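Asker: The whole structure should be built from the sequences, with the hints applied where relevant.
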Amino acid sequence: MCGIAGIFFKTPGSNQVLGRALVDMLDGCQHRGPDSTGFALYEDDVEGLRLRFLVEDDAEGSIARIRAALAEHGATIAKERREGATFVVDVHYDGEIRPFSYAMEHAAKLVSIGTALDIVKDVGTSHDLDATYRIGEIRGSHGIGHVRLATESDVKPESAHPFWATGFADVAIVHNGQITNYWKMRRRLEARGFEFRTDNDSELIAVYVADKLAQGVKLETALEQSVDDLDGTFSFLVSTKDGIGFAKDRLAAKPMVMFEDDGLVAIASEEVSLNRLFPGRPLSTTEPAPGTFRTWSRSI
Amino acid sequence: MVTIDLSKLSVREANAAFGAAGERGEDIEVLNPDARHHIGVGLVAPVTVKVRGSAGYFCAGLSHGARFEIDSNVGWGVGDSLYEGAVIVGGNAGAIAGVGLRGGEVVVKGNLGSRGGQVMKAGTLLACGNAGFLAGYMMYGGRIIILGNSGERVGEDMSAGEIYVGGEVQSLGSDAKLVEPSEADIASVKAFLTKYGIDFSGTFKKIVNAGTKLRYGVNEPVSRPLPHTVFSEADTYWNAKVAEDIHAKSLIGRYRIRGYGASKPVPHFGDIALKIDPARVAAASDALAKVKLATKIGDRHGAKPLELSMPVMIAPMSYGALSKSTKIALARASRLAGIVENTGEGGMLDEQRAEAKQLIFQCLSGRLGWNIHDMRRADGIEIYISQGAKPGLGGQLMAKKVTKELARVRGIPEGIDLRSPSRHPDIMGADDLVIKVEEFREATAYSKPISIKMGAGRVRDDIKIAYKDGFDFVQLDGLQGSTGAASTEVLENVGIPTLAAIQEALDGLREIDAKGDMPIVLMGGIKDGVDAVKALALGASAVAMGTAAIIAGGCISCMQCHVGNCVVGIATQDPEHEARYQIDVQSKAIARFFEVVRWQIATLVAALGYDDFRDLSRDDLVALTPEAAAITGLPYDPTWADKAEALFREVA
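From first to last, the protein sequence lines are chains A and B. In short: position in the first sequence from 1, add 1, done, that's the numbering used here. In short: position in the second sequence from 1, add 36, done, that's the numbering used here.
Hint data in this document are derived by calculation from the structure and do not stem from the laboratory. The reader is advised that the hints may include incorrect statements.
[Unchecked claim] Partial chain B-side listing against chain A, Cβ under 8 Å, derived:
id, residue
1, Asp70
2, Ala71
3, Arg72
4, Trp112
5, Asn128
6, Gly130
7, Ala131
8, Gly149
9, Gly168
10, Leu214
11, Trp274
12, Asp467
13, Asp497
14, Gln539
[What the hints assert, rightly or not] Coverage of chain B stretches by chain A, computed from C-beta distances (three or more under 8 Å per stretch; other residues unrestricted):
id, stretch
15, 88-96
16, 245-256
It should be emphasised that the depicted structure is a prediction, and the values quoted were computed from it without experimental measurement. C-beta atoms are modelled at their ideal positions from N, C-alpha and C, and glycine is treated no differently.
Answerer: Right under this line is the structure:
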């Protein structure tokens, strides 16, 4: 039960006020989810592959285990830092991502892996996270964000959104709603070797979409299929290294509003978030129809 | 003209300023609205409000008499439950525009989101563009005009009212049909368009209810059913009641409907005992004078609390399920006992308001009888999500009870088998609910407690949502809670027992470090003061009693509640039957019963050695069965069974 937001800057070059925009948009709909907040940001200062881990309990031990696991898999550390409840490390690594990410998860709670993606999520509000992680200063090309009101799973950083599609670099999702065929879909994916870290239905969407992408399915097609395959109420945003997309259920039970001009595309649960980008200006917005999907990508 | 800049004032401050301007008769201009929610909610004044930009959720909601002009877009629920007045939206409207309209006019120059006009009763909703999915969903009356395309499944499960479509009818909803509009229809639609300066030269298709689902096809056989009190699955598998049930189903070919609650044996308050030596009861003879029973509830967020002379309320029961005379008797009894009465579904009666000193006004999914004026004269506002008798389902009221007067109060057509929606139009999740709660606070100037009524399903999760969404208290209703009508399968099998419900609720609150922060009023099969004391010791802040109050007031459990043939005039709208109900006699009987409940609570609290019911704790309880111990976590100690029986004889 949540609020979602996403922004995609169309102009070439990725040096945009990404963090500030998402902090403001999520602050606008924080009433929809006061428990936790999260961001999936696509940045240009990632060296090699960025990994972010949660290291709240026994931070020193976790970091030692992370370093050992990285060394074991032939990943060399380019830079590293502690930030809030997390440990961020940029590494050089050339192998397969999925076995690497499962191995890293045994060392510590892995939040994301990406060549541009960095997921920052924690208990607290948009402004709380901005203060701890300096989100507002992050520049980049596009990103998605989420405010969460926990209903069925715990209030913990790892239960917050966005969810990284574990095993697939640079794919993240945020979701508002409830997937009612969760267990059925999850067992299908588990039977094919995917691992799940939470019982949160949003993680399922992330893995579902990433699996499609890994099979060579285009993002737009994956979203189209998701409208048929997923049951329940949902409005979700997905982001990849190249762009963002949305899908909306046929029941139209969860809100979504979007604004697009020559410079950007902004999507949010409520127009109040979009207006945070343009204070005092009436916006020409549209509400995606039930059962629809769309993507914006830099590579097309 | 008063100018209000929302980049400088909060919406709460702005709405207070709107009210003041309205009283002076001054028009209002709103700058920098930036799609904020609740602009103009609860404004009751014939003034004009110009919103220079976009508004968020529930713009002009629960207002009466004003004219709102919004330059750009609006979010969900524009004109929610509008009583009279006009709302003109320059851009698009989000979902459920004109939800629950009681009158007035909502004009949207752009497109409508999904479910436009859901459960509207009267008035006109106009979309100059296209409508979204399920326009006119479950509408009870009024008119929707769509100049563009209708969207999918237009008119789904409408019971009355008219929908006119100028563009393409993309698909018809269930129980909706196309008919030829009359000349008078078209003239009236065109006059409406002219009034708002809208040019339209096309033709209209008209959609109305097809009448296939308004009534159950087959009535249940007329018989004299076994009374509720002798119904028991415990005796045998193939007992008389089971045979009767199978026989009835073989005739009607559908689920059966009846009143009352679950009757199968489940662990209940009789399966836990107070650790009181029966000999101590005699020593507590002056308990009423000594024990503090008065309490307040509902001021968690600064509202004026409800004041209870003892931790007991009357459970929500509707005018509809019950006769007006019964509701008046309950209201009077609540005043005599110094407790709180509740409207239940379907609106507030003037007589009920006058008789009850304190009255909670319930808002249900169908928004039946829901309006700003009754909200303002209520002492508490309650959002009903579900009830213990039928969690997850809406109310049912069979045609015989949907009389002309009742239909007027509720704003629905007369003589239909009324099946209320199972979901609120604007509460699809916890995220929407928080915005709804805020709307009700804005509409009542943050002065009234706002509670939630929930049937016991997944209580551990739901109670956390209730806490996070800012409710002042929770009315929690277990499986054994009764109803005027529900399907027998749901009554017996859906939900969890009252004992399990309170335990899960307390566990859930403890998990988020909120135990004790949000009062829980427990109900569902609470028969007397003994049950009440056990509930309080487990952790409830108060209890509510429905069935017990009804029985005290003359109910003979004849099982004719749903049919409306109640012979004593309680669960009926038949004037001949209702004439048998003596309000004066029965209100006093109910009040006397509550005095016994008061004496029982005081005596048991005193016998435990306390002088305040708030001193009760789990340490005062044991479980008499392994099942009750497993549910509550209380120590299993059957050696208390004999003493519990002796104790009950002392106070019964």
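Asker: Hint by hint, which ones does this structure get wrong, listed from lowest number up?
Answerer: Those not satisfied are hints 10, 11, 14, 16.
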